[in-house]
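Engineer: In case you want the letters, here they are:
2 protein chains.
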Amino acid sequence: MIIEPQCARFESIALEGGATLSPVEVQYETCGYLNADRSNAILITHAFTGDAHAAGISHETGKPGWWDNMIGPGKAFDTDRYFIICSNVLGGCQGTTGPSSINPATGRPYAMAFPVITIRDMVRLQKMLIDHLGIEKLLCVSGGSMGGMQALEWAVSYPDFVRCVIPIATTWRHSAQQIAFNEVGRQAIMADPDWCEGEYYDKKPPARGLAVARMVGHITYMSDESMREKFGRKLREKEKFGFDFGIDFEVESYLRYRGNQFVSRFDANSYLYITKAEDYFDLTNGTGKLNETFRTVDTRFLVISFTSDWLYPSYQSQDIVRVLRRINGDVAYCDLQSNYGHDAFLVDIAEQSEIVRGFLDSTARLAQAA
Amino acid sequence: MIIEPQCARFESIALEGGATLSPVEVQYETCGYLNADRSNAILITHAFTGDAHAAGISHETGKPGWWDNMIGPGKAFDTDRYFIICSNVLGGCQGTTGPSSINPATGRPYAMAFPVITIRDMVRLQKMLIDHLGIEKLLCVSGGSMGGMQALEWAVSYPDFVRCVIPIATTWRHSAQQIAFNEVGRQAIMADPDWCEGEYYDKKPPARGLAVARMVGHITYMSDESMREKFGRKLREKEKFGFDFGIDFEVESYLRYRGNQFVSRFDANSYLYITKAEDYFDLTNGTGKLNETFRTVDTRFLVISFTSDWLYPSYQSQDIVRVLRRINGDVAYCDLQSNYGHDAFLVDIAEQSEIVRGFLDSTARLAQAA
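Taken in sequence, the protein lines are chains A and B. Residue numbering for the first sequence follows the numbering used here, starting at 1 and increasing by one per position. Residue numbering for the second sequence follows the numbering used here, starting at 1 and increasing by one per position.
In short, the hints are calculated from the structure, not lab data. Fair warning: this is a prediction, and the values are worked out from it, not measured in the lab. Some clues are possibly wrong.
Because identical chains cannot be distinguished in the list, a pair is counted as satisfied if it fits within a single copy or across any two copies.
Claimed, not checked - Keeping only pairs whose Cα atoms sit at most 30 Å apart, straight-line, the calculated BS3-like set for lysine-lysine is:
#1 137 x 127
#2 204 x 63
#3 289 x 234
#4 289 x 230
The following block holds chain A by itself, in its conformation from the complex (with noise of 0.2 Å):
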């Protein structure tokens, strides 16, 4: 499958904060075929640094999508019999609008002058899209990560447009902890004298500080026994211990290059934009009270997280499906073994792509007998 992007654009979109953002524009890929009664829709919701790109190969870089191993013909979302819908973000960095885009105001870019976003601001558009591409009701959206609070926001937000969500290794609210994280990549791209408050599109870019930012981050992406089970204590480049001052271990060696590979993709104000997301979602809106939140959703629910991830422990995945049984709301749930920590969405795929290939099946048939 050589997949192109596609891009929408719509006059005008007006945020959560109070502020309009105009025009706005949204990139999008798309695999399989939308069905005569346009039934069959799925809408992938990226992680944080993800990307449209979630299935088959691109036609510009040759590389397989983030989730190729899940979508395809005959894989867990099954291109042989579903519509996969998968966008950029809004205030992402890979064609949909976000801080790099052009404010029409200046004729520059937007930088620090961009408006705050949310999850709900980001699902919002993918509304527009979605409408805009003539589908009335999705069968299921589904995501990992920051892609899994998009999912719940969308059975939340547009409980009637969509059949089944499946919200994996997630949270319906970020706790302290993960606020932390965030904030200390914030503060490292903050610290770098490149950043320049931000206006640094025409200079060099903050570069140093955005990839101790994704080193951070890497590290609460594995689990302490996947980092053993990958480095250990190996040595980099030494028969033996060296006692030098350099690159010792190979997780240094690796960290480094995954930091300073990510700079040359993403955009560090985006960056900031998407962590302030992600921290300011609470589905709940600041009550706490998911009963109260939940009430009107009347949507399937797939729940999965996976033993080894502590950046997205099991029991925040545990306090959604609690609360959905308390009102009988029907949710599946699944606490995945595994090893990789919150990269299992992304590697562990056997079991998560049984589970997902049986409840969609399960959903569809249920709408064709409704």
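Model the placement of chain B on the given structure of chain A, informed by the hints.
Structural biologist: Chain B in isolation, oriented as in the chain A frame:
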């Protein structure tokens, strides 16, 4: 107890990496009194950013020591019975020779010309101090975190010079995840242009990078639970969710405050050297064979870990205990229930006090009987 620091100066110290440091000074504090047969001395070893001021009130600053709740008359380390010594570690910045000390070869601070040091080097200097004080055998060496590594190293390097060790919330070698967190801190410092390859002593220090490094540290010292209890999602200085881009959450404010506060008391180059010493730490010298390492050890062990400590997880302490049991070593172990994460050894001290008091008492009685 008003405490004044003391200083010992030695001609030189030979380091594990092959270099010799000359001269070398060690700053230390004591409380309690050495008894006639010099059998009641306890060495307290401090954690990464700790210092020699473990107990009592500092004559200089008026502040209590970092383990004042554990050390004093009638406390776990009872100064009515024991003579307590705590010295600043080699490579630090609190009076003991470190990268900010004057290099006699140049008349300027060592900076990155300071030789790489190890936990074993820190312990070697402590041994020189103990010899200097005329103490032939320590009753105990105890500390938490990096202090625990030093306690373990004492048992292995100088088994005939210490009756018991109490390593707390520590490990026998740094894991990939522990190395990774330290590496992020180092990268944050070295990414700061004010670091200037370590040559910042006559200029402004790399305050922003050091603050970010400290923020990462603080997150790892607390548990998910303790952060939730302390901060939750409490918003700062706002009645309501404000949708702006400054400090929104109390946890952000706390981290920034602690980060900035740290800059005024700690040297960035010491941060680099000491975290490297932690990362190099492997009690088995790379063999991984803890049973061989412990074979010649004739010291009593009390090993303490905490259930919510995810930086130095309990399994790392249990590795030590299991091997000591297999070779029929004298080892007691407690995995204390606490929500305070790694900080527990500093703040959640009720049970820890009882256990330490009893263990010291029995060790002292065994010593008298011998």
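Engineer: Look at each hint and say if it fits the structure.
Structural biologist: Evaluated hints:
1. 137 x 127: Close inside one copy (10 Å), not across copies (74 Å); limit 30 Å.
2. 204 x 63: within (27 Å within a copy, 45 Å between copies)
3. 289 x 234: between (47 Å within a copy, 16 Å between copies)
4. 289 x 230: between (41 Å within a copy, 20 Å between copies)
Checked against the numbered hints above, the structure breaks none of them.
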